[in-house]
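If you read the sequence shown in the UniProt record's numbering, its first letter stands for residue 1, the second for the next number, and so on.
FYI, nobody ran anything at the bench for these hints, they're computed from the structure.
A hint or two may mislead.
[Said to hold, decoys possible] Beta-carbon label-pair distances, calculated as ranges:
hint, residue 1, residue 2, range
1, Arg175, Arg110, 44 to 52 Å
2, Ala12, Pro104, 20 to 28 Å
3, Gly100, Leu23, 24 to 32 Å
Heads up, the beta-carbon is just placed ideally off N, CA and C, and yes, glycines get one too.
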Amino acid sequence: MVVTLIEEFLTARATRKPSPHTLAAYRRDLNAVAALVAADGDDATPLPPDRLPVGDLSPRVMRAAFARFAAPRAAASVHRAWSTWNSFFTFLVAEGVVPGNPMPAVGRPRTPLPRPKPLRGEDTPEELLAAVARAEGRQRDPWPERDLAVLALALCAGLRLSELLALRVSSVAGRDGERRVDVAGKGGRPRTVPIEVGVDRVLTGYLQSRRLRFGRRSVRPDGPFLVDRAGEPLRRGGLQYLVESCYRRAGVGDRVPRGARLHALRHTFATRLAEDGAGAAEIMRLLGHASLASSQTYIEVTAGQQRAAVAANRTNRALSGLSGL
């Protein structure tokens with residue numbers, strides 16, 4: 001039965017350590033389309049979803065189910081569901097449950113890659129870091145060393161929210177001059193990001209401040225790298241609130257693109273890499289992208305910014321005003 005195989009697939013996926021949100025999205029997409037297949041059976045009476053045999057999932061049936069699934073949904077949601085079902089069938093083929101994958105016969109919408117959303121303003125990252133480095137009396141329990149470490153890892157190493165939360169104390173390693181952060185990346189793809197002296201000092205200063213607050217045992221190598229003001233592992237909501245409060249303290253909230261928040265720091269890291277001449281392959285490795293196309297968007301944005309800067313040149317405007325040109 002399909003429902004049993006879905007659970008087996010999700011169990012196999014769990015070994016890759018996806019986030020709970022990702023697993024929930026897998027289950028939602030698989031069950032939603034399976035329910036449409038069951039309801040669309042050849043018999044007059046719809047089949048209960050838990051009685052749907054995997055042999056019923058032919059290309060024709062899957063095309064019809066996805067057509068119904070796509071009708072009320074955005075292209076990005078349909079694309080995600082298609083990818084989930086493609087992975088599910090790939091798993092079934094590898095397990096010898098089905099002879100082939102019908103998903104190539106099912107159309108999927110083309111979704112453009114999301115555009116980068118870095119912080120606006122040439123000096124905004126520097127203003128943000130300088131403001132957060134100062135402890136403010138208005139804060140109930142200021143901990144600028146910890147807040148600065150979060151911003152440094154996002155702005156200078158490009159870490160995602162989930163990657164920041166997964167860091168261990170031992171994740172920051174290497175000899176002097178060769179310091180690095182070992183990152184548990186998205187989709188179970190580990191990567192190593194080199195860090196420079198300035199970032200290393202910020203992270204070292206944070207761990208020293210943590211020893212003073214909670215004692216030497218609080219910085220054991222296997223412990224979480226980021227903790228809250230009670231010494232407990234920092235969680236998703238706490239990290240998001242921390243970054244929001246940093247924006248408020250620096251007075252740069254209006255320079256953060258809508259819907260980006262912490263991700264704007266990662267986008268700023270990548271955009272500045274491109275502006276300083278890094279290639280798409282280097283950006284791909286440093287950010288842990290699954291495809292070169294995602295990294296290429298930063299190069300394209302930079303090229304667009306360069307063209308806008310040239311267009312703003314006053315000499316160009318003077319030329320455009322000359323008659324006959």
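Broken hints, by number = none
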